[in-house]
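Protein chains in written order, with the working numbering: chain A, 270 to 702; chain B, 2 to 303.
You may find that some hints are simply not true.
From the structure, some residues in chain A lie toward chain B, with a derived Cβ separation under 8 angstroms [stated by the list, open to error]:
no., residue
1, Ala357
2, Ala378
3, Gly379
4, Ala432
5, Lys471
6, Asn475
7, Val492
8, Ala523
9, Gly592
10, Gln596
11, Glu597
12, Lys659
13, Glu672
14, Asn680
15, Gln692
16, Ala693
Read the hints as simulated data drawn from the structure, not as lab findings. Quantities reported herein were computed from a predicted structural model and do not represent experimental measurements. Just so you know, even glycine gets a beta-carbon here, dropped at the ideal spot from N, CA and C.
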Amino acid sequence: MKKLVVIMVSFLFAIVPVFAGGNGEAANDSGEGTVTLRFMNWGSAEESTKAAFSAMIAKFEADNPDIKIENIPLPFNQMLDQLLILNAGGTPPDVAQLSGYWMSAVTNAGMLADMGSLVPAETLSDFYPTLLESLTYDGTLYALPWSPSPVVLYYNKELLRRAGIENPPTTMQELFDYAERISALGSDGDNNTIYGLGIQSKKLGNAGLYFLPYIWNYGGDLVDENGNVSIGNAGTQRALTVAQKLFDNNITPAGLEIKDLRNLFAQGNLGFHFDGDFGYPVFLGLSPEGTGFAKDIGITQVPRDSLSMTNPYLEHNLGVFAGSAHQEAATRFALYLSSPEAMAIYNANNGNKTPGRYSVESLPFYSNPENAHMQIFIDTMGVAKPFPQKSPNFLAAMEELAEGIQRVGINNEDPSIVTSDLQARIERIYAEN
Amino acid sequence: MFNKQLTKSQQDTRFAILCILPVFLGLTFVVFAPIMRAIFVSFQKYKITDVNPPAWNNFENYRRLFDTGLFWTYLGNTLLYIVAVVSIQVVIALAIALLLNTNIKGRKFFRGLFMIPWTIPSVVTALLWSWLLQPQYGVLNYLFYTLGLQSELNRLWVQDPQLSMVSIVITSVWRQTPYMMIMLLAGLQSVSKELIEAAEIDGAGKVKVFQHVVIPSIRPVLDTAIVVAIVNNSQMFTIIYNMTAGGPMNRTTTISIAAYKHAFISFDFGTGSALGVIWLVILSTSVYFYRRYSDKKLSAYL
């Protein structure tokens, strides 16, 4: 009898973990005639935006009692992995917030529905054509633009004043010269170093992404007009050489990623920093002065030596999944999120969302003098171009570029060797597909 | 249920098998089956960003790993990391265990204190040390600079190619030493006092007693602790990924980090699995030969 009991207990201990996984299937219908949509996003996982997302969802549910939204927050860094794994496992969400430079990976995986067949042409005409074009792959529109975010140059007005600089830079050379002057201020009252310019140098795709404007400024690019890898050009080498000088002279702090640079800027220890419109509320949240820091924040377009060089922009999009059983309802929700009604709620709770639709431009938020800085973002969209993100290997290429920045900035390697290595490595990556 | 015609020994054997069987079945589902699946996938072109189904590609994933030469970088980093962490851990854990094996005041309190790092989750440990080593705001930089131990205030640690491996080794040793310490302490407490007394009577000093009595006595525990440490550190992912993500410039990319990056950054499950399989073979072979060597040494002492 004792032996039998021991065997049964052993069996129970062994078998429980096997069934601990559950069935992984979420109910998609919450009641008769009611549809539940699974909405994956990182906005609900971030302190600065979660209130806005909750408010938008609540409003939609109130106006659409036949649809319930199952909000699934995930940190930004995990979103793409989880989407790809869920899709491979046959359980994708219905709608997801997507970052622009993931689009090639998700479209290549066949995850997204054809928005051109789900959204009427008249509604599509309300979106900025350049944004629709960037989300169109082989003639198919795979997502709806939600909130483009032009990369702009933030500057600390107080540091510029102390360095004797009257106006923000308009050319890259001015930017580097002014950064040097700010760096010469030395340290603040707490002995923390003051840096002139932030350049990301941790090996993350983001670092490569934000370095492209420097390469563009000197006439280089990741790919040429035929889509061939062309990063091993003189523009890249020049940009890396300049970056090396900035790191060597401690004008730029080494080994940091964007959240570290945002922190430095918010603490008042960084003169110039490139970021999207979403950086602004983050600075105010991180600064010891809180919203009082707004008086010290200046915003201008990315400086360029040549007017032919355009400004890059990032974008947040909304994708409806091909595996969703409720594509029509999911499309209604996605259209609502990008509508003036939802954007009004978004801006009221978080602010600083650049419009992606003509109808959103007319919101009172944008004509309010207190939000005058938004005009910089809107004007910048007029001269902005997307990143060259249509290859499924774009992210991997940006990681290689980030490593190139580390090699010249931290390891002090020869920029010409690093440039030719980048060409070889990225060519090999692009050839793998 | 138990055939009374079987001998007692046979009955006990059958009972033992029945006890182990449920656990074995569970392990089959959650350990062996995924390993078999990974071996199978390692021979496929399997990218989850590719709408085409996975296709058999023989040894292509393996060939590509060796062609780029990156595999040797990953292997070198992994071996360096394991050797550094395990060897430092053994020395520190043994030293603390020897101290706690004496009749010092507050022994129980110190034992509890030394166990604290082990109770902190790895990801929290990684974040904690990342902040301690942060170039602009880290406490350690401020401390070393104030004490005159370094000339620059904003020294890079996890971002520096030379110091990044040092940073993760220190963090791993800090977290894992308590576990080894407890195992060695248990071993030390089982060393025969008569043997030690006999050696001292024969004129052996403390060093000779330690070398010829204590070490051989705790040899089985020491070997087990080292093997466990090697296996644990060969799988180490959390601390390395959260502190350096394998950087800068692949200086801390071990095989486990590389496998993750291939699978979840490049979304190439085939190559990620191939890395895992290669490491499985290397590790299993190493542990097998180490145990054989160790058993021979133990027999020689006994």
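Hint check results:
1. Ala357: holds (5 angstroms)
2. Ala378: holds (5 angstroms)
3. Gly379: holds (4 angstroms)
4. Ala432: Status violated, d = 20 angstroms.
5. Lys471: holds (7 angstroms)
6. Asn475: Violated - the Cβ of Asn475 (chain A) stays beyond 8 angstroms from chain B, reaching only about 12 angstroms at its closest.
7. Val492: Given a least distance of 18 angstroms, the restraint on Val492 (chain A) is violated.
8. Ala523: holds (6 angstroms)
9. Gly592: violated (12 angstroms)
10. Gln596: Hint violated; Gln596 (chain A) Cβ to chain B Cβ min 18 angstroms, cut 8 angstroms.
11. Glu597: Where the cut-off is 8 angstroms and the nearest Cβ of chain B is about 24 angstroms from Glu597 (chain A), the hint is violated.
12. Lys659: violated (13 angstroms)
13. Glu672: Nearest chain B Cβ about 6 angstroms off; hint holds.
14. Asn680: holds (6 angstroms)
15. Gln692: violated (15 angstroms)
16. Ala693: Hint violated; Ala693 (chain A) Cβ to chain B Cβ min 11 angstroms, cut 8 angstroms.
Checked against the numbered hints given earlier, the structure breaks hints 4, 6, 7, 9, 10, 11, 12, 15, 16 and satisfies all the rest.
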